[in-house]
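Chains as they are written, first to last, in this note's numbering: chain A, 92 to 415; chain B, 92 to 415; chain C, 92 to 415; chain D, 92 to 415.
For the record, the hints were derived by calculation from the structure and aren't laboratory data. There's no promise every hint is true.
Put simply, identical chains are the same to the list, so a pair is met inside one copy or across any two.
With a Cα cut of at most 25 Å, we get these calculated SDA-like pairs of lysine to any residue [to be verified]:
(1) Lys-263 with Thr-402
(2) Lys-263 with Thr-161
(3) Lys-140 with Gly-388
(4) Lys-263 with Ala-285
(5) Lys-140 with Glu-354
(6) Lys-140 with Trp-119
(7) Lys-263 with Leu-160
(8) Lys-140 with Leu-128
(9) Lys-263 with Glu-137
(10) Lys-263 with Asn-277
(11) Lys-263 with Arg-117
(12) Lys-140 with Ser-236
(13) Lys-263 with Pro-193
What follows is the residue order along each chain.
Protein chains: 4
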Amino acid sequence: MTSAERNTNAHNWSRAEVDALSAEHRRWGFWGSDDELGAMNFIDGEAVKHAASLVRRGEVISCAMPYDLTGPQTGYLGRFNPMHFMTQDGGDIQLGAQEHLPGLRFADDVISMPLQSGTHWDAFSHIFYDGAMYNGFGLEHVTSSGASRGALETMQERLTGRGVLLDFPRFKGVQWLEPGHAINGNDLIACAEAQGVTIGRGDILLIRTGHLAMCRAEGWGDYAGGDSPGLSLDTARVVVEREVAAVASDTWGVEVRPNETDEVMQPLHVVLLVNAGVVFGEMFDLERLAAACASDGVYEFLLAAAPLPFTGAVGGPLNPIAIR
Amino acid sequence: MTSAERNTNAHNWSRAEVDALSAEHRRWGFWGSDDELGAMNFIDGEAVKHAASLVRRGEVISCAMPYDLTGPQTGYLGRFNPMHFMTQDGGDIQLGAQEHLPGLRFADDVISMPLQSGTHWDAFSHIFYDGAMYNGFGLEHVTSSGASRGALETMQERLTGRGVLLDFPRFKGVQWLEPGHAINGNDLIACAEAQGVTIGRGDILLIRTGHLAMCRAEGWGDYAGGDSPGLSLDTARVVVEREVAAVASDTWGVEVRPNETDEVMQPLHVVLLVNAGVVFGEMFDLERLAAACASDGVYEFLLAAAPLPFTGAVGGPLNPIAIR
Amino acid sequence: MTSAERNTNAHNWSRAEVDALSAEHRRWGFWGSDDELGAMNFIDGEAVKHAASLVRRGEVISCAMPYDLTGPQTGYLGRFNPMHFMTQDGGDIQLGAQEHLPGLRFADDVISMPLQSGTHWDAFSHIFYDGAMYNGFGLEHVTSSGASRGALETMQERLTGRGVLLDFPRFKGVQWLEPGHAINGNDLIACAEAQGVTIGRGDILLIRTGHLAMCRAEGWGDYAGGDSPGLSLDTARVVVEREVAAVASDTWGVEVRPNETDEVMQPLHVVLLVNAGVVFGEMFDLERLAAACASDGVYEFLLAAAPLPFTGAVGGPLNPIAIR
Amino acid sequence: MTSAERNTNAHNWSRAEVDALSAEHRRWGFWGSDDELGAMNFIDGEAVKHAASLVRRGEVISCAMPYDLTGPQTGYLGRFNPMHFMTQDGGDIQLGAQEHLPGLRFADDVISMPLQSGTHWDAFSHIFYDGAMYNGFGLEHVTSSGASRGALETMQERLTGRGVLLDFPRFKGVQWLEPGHAINGNDLIACAEAQGVTIGRGDILLIRTGHLAMCRAEGWGDYAGGDSPGLSLDTARVVVEREVAAVASDTWGVEVRPNETDEVMQPLHVVLLVNAGVVFGEMFDLERLAAACASDGVYEFLLAAAPLPFTGAVGGPLNPIAIR
């Protein structure tokens, strides 16, 4: 079976078609020529207040994977799993290495990790097309010293608002969507409707494909960069028209793989992230949240999903907290 | 001026007195012999719902410092400031190093940092006294492979609840508390009262001393491990009686330094963190939050402050988000 | 085929037998109770002068593998392949990030690597048995702060002397020795004799098994920790009696694997490194050197093989240079 | 005192003058358009044999600084001192963390360091001028993936030959040369003559200024990038005419600082390294070697100074071993 056969609802896009879709949905300058927030601007005070009003049960659910060596990274794109080093530990205490300290003893540690090795947001500076990131900022803004435009720290007080989970396996009545399965725009609307929610302005969409559950059952395989279910280019229209603030999923790259075109790698990143200013969250663990939503049929909640402000980073980890 | 003179409201504690205070406030076994959450258990569903009800303006305020080389670390305890490496960047794209990719171009990066080099929570596994961490778990639980008890990941879905800011500089009418200034138990109550809040069960207390503001004005100096304002051992009673869930401040170590005893390093860590099961948040940036609270006189809010789940870590970074 | 079948010339040693062999060859105290050099003491000024006299052709041959991501590490024992990060590069220059510098432009970089991930020496502090390393130093000498006894830096001016290559595949007329093939003591003597050299005091033996060549032909597989040809426990006698200074090979761990006993992991490390004070060099690339020796039939040379002085390290990388 | 006053034997060069000197000494294409070795080509088999013949006493002396946190780095150029992490240690063994292993116990460790943070060679890919490194290779050869031309690994079997120490403090009868002191071409010849050696083809010159000794006595201060004694631009003529293979010193950057021009940073790097193809060794510890040479009046020796082959690196550490 070829990728084209698996992406049964997708056609093979030409680069010109991708470019046209990008142009159609481009929001550069919409929030000013200096804007670095894009669709995150849709989350205003009213949206936050409304999101807080959705907390009905007092449940707190994390959507973060563990950051450790059991993660999915294989070296692809130079990404490795987080490495944790103890610089002081119980053994040191046992051997007397802290006897110079009065009374108290301590352990301490260090982490070394690619910022996108686990659950993370892409910042705008992560993706370029034709030499530009979102809002037209050029390559000179991302050097070995980090990003000076579209950097992760611009998101430090953003991405807290209404979260909406779209649980496709439950909607489709399957354990998980198969790799290569493309979710199109009507699917987004139909799934939301079936779940009793309406996708709207400032929403952070959490797309559960079940791909993470599949890998938990069967092993990571090529989770990091291989075939996966995900969003079709066809979803761009809905995401833009509904003024969605951000989209995250339980896959490596949000969009369907194999991509719907051989002419542009990760084309939905180009259309939505680079052009429409919609950041992508990747490797979100939506399993516990999905179970909770299924238990009471409520698929909207307050989501606190700001990343850590690693200065100049082009993406980065977080602990996305759904409060419902 | 000696430290004793500066700690005018403190006496010089003996180790036996610290031990007695520890024994008085010890909660080991209170939530069962396997408990790894301590006072975080006080944050139940009702507390979360109530905290969410405090969101009135839709403001989202981060309490995280930037994670970068401008941080306060000097090498003390082996801690360095976060180091950020680009593994792909705009220069690579400019030089044609990604020409093998169709269309899309990307930047990528790596972070290496001590987990407690910036804004962070101490996990229970960070501190030992007489060979035991909170709830009596022994040294064998923290090896070079990390912590197997009291580890950071136990806090992954905790520490989201009602936050209460105690803004001591505004309460005292000063720019900042001076290094060595000890806040005692009655101060906690009086400051809360003056701000119109009551410290209660499950609260996450954010103690603003102004020390971070001082360092922003005057340079880091010995922020990381030197003298600072902070909590007196005398506060243990209030924190325990009011069933506070966690305490964080804008200093390196929450408690006053020089410590109120030469016989136990960081004695309040021993009493509260090790014995009473109250985790400490350190290097929180409370400046923006304090300004917001002062503007409308409301010092309580929903706080989403779960750390990232670095497996086996003894402490770790987060982006604490106050929603008000 | 079981491991026992493959180790046809080996018997299955009991722990007591290994201990007896250790006791027989123990040199603790021989060079004083503070000695941290062991058999490296055999390389004296006369030995160095003699080694220098062996330089006849002016050839310089490195025995180091490349240190990079193409290495054999798989995560076993927490070891990863060396990771190289550019902190300034040509792209930065191209994008103008160094325009503040007059004229000159530069690139710069960082390495992160397990010290034993590539070609390396084990230091004495790498291996313990019954709580002691070579010369009886205890566990307290290796904490999170590094090794204070038997550390790598003690070898900074050692391991330069006469190198002797024993090329077993050429001696046996095979491409490489098969995994599990055990080289015994008589093999060492016979191979040396066939090559026209005599193993003697202060020699650094380079044991070529061909295992690296096999992996270059067939892929790394489990090179790092799996089955391999190597020295039998039976070789201890020859190494000790001949007063060999150090032994290195083209395998992960010098000695034959599966080990000749299930009761002691890497038993030859215990007998020779811990007890007889003979350090082991591992993952040496002996291919170019072997070709050169075969071309003129001379298997002795000056070897400059001091490791880099990483303070407190328990092993570490080097570029072993044979001069012949 | 201004820098001009201190560099009493230097004039203030214009960029045009530096460019003219570069043009005069440029060797691009001399060893072919693909050459990546430059003056290292001067070390041929005869030179190596001759160098080996200089071993008279059997002394082995390292010229490496310790690689650890006591080093001189301050963060300038993003360089930090080597960081060493234990991944297994004596404490783990003591706490029983290795009880699953039969008999043997082990310690293991990791290093993270800028490749030029201690004793090191600059590779040709470290320095660019007008968009080119030695032999005209362009910026595209040094991306985030490392150097593909002029990389460190090209030096893997080079830089072993005749070493000549020029001990300027002893020659001048001072403890050390003062920061800003410029050594000119005639100084090189006079010092060599006074020491009974003649600088010649393929020599590796080790320039002792005493600056490291000064820092050992007085603290590092701005050793890493501040003022220092060193070679004047005037030395280029001697280095090129005598066909010197490489130059190393006990300073951060070999050449005198403040530089002899404000118009080109590190101008001798531009003239010699970029144009004449002479690599520079920096932060060599020449103290022990100088004492040995002074004791018998012999300043020539066999030097084994190949760097470790970190693939794609633009410079890197080594343990330079003088054998005399």
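A quick look at each hint next to the structure:
{"no.": "1", "hint": "Lys-263 with Thr-402", "in the structure": "neither (41 Å within a copy, 34 Å between copies)"}
{"no.": "2", "hint": "Lys-263 with Thr-161", "in the structure": "neither (30 Å within a copy, 43 Å between copies)"}
{"no.": "3", "hint": "Lys-140 with Gly-388", "in the structure": "both (22 Å within a copy, 18 Å between copies)"}
{"no.": "4", "hint": "Lys-263 with Ala-285", "in the structure": "within (10 Å within a copy, 56 Å between copies)"}
{"no.": "5", "hint": "Lys-140 with Glu-354", "in the structure": "neither (43 Å within a copy, 49 Å between copies)"}
{"no.": "6", "hint": "Lys-140 with Trp-119", "in the structure": "neither (28 Å within a copy, 39 Å between copies)"}
{"no.": "7", "hint": "Lys-263 with Leu-160", "in the structure": "neither (33 Å within a copy, 42 Å between copies)"}
{"no.": "8", "hint": "Lys-140 with Leu-128", "in the structure": "within (20 Å within a copy, 30 Å between copies)"}
{"no.": "9", "hint": "Lys-263 with Glu-137", "in the structure": "neither (33 Å within a copy, 34 Å between copies)"}
{"no.": "10", "hint": "Lys-263 with Asn-277", "in the structure": "within (13 Å within a copy, 59 Å between copies)"}
{"no.": "11", "hint": "Lys-263 with Arg-117", "in the structure": "neither (32 Å within a copy, 52 Å between copies)"}
{"no.": "12", "hint": "Lys-140 with Ser-236", "in the structure": "neither (37 Å within a copy, 43 Å between copies)"}
{"no.": "13", "hint": "Lys-263 with Pro-193", "in the structure": "neither (62 Å within a copy, 33 Å between copies)"}
Hints 1, 2, 5, 6, 7, 9, 11, 12 and 13, counting from the list given before, are not met by this structure.
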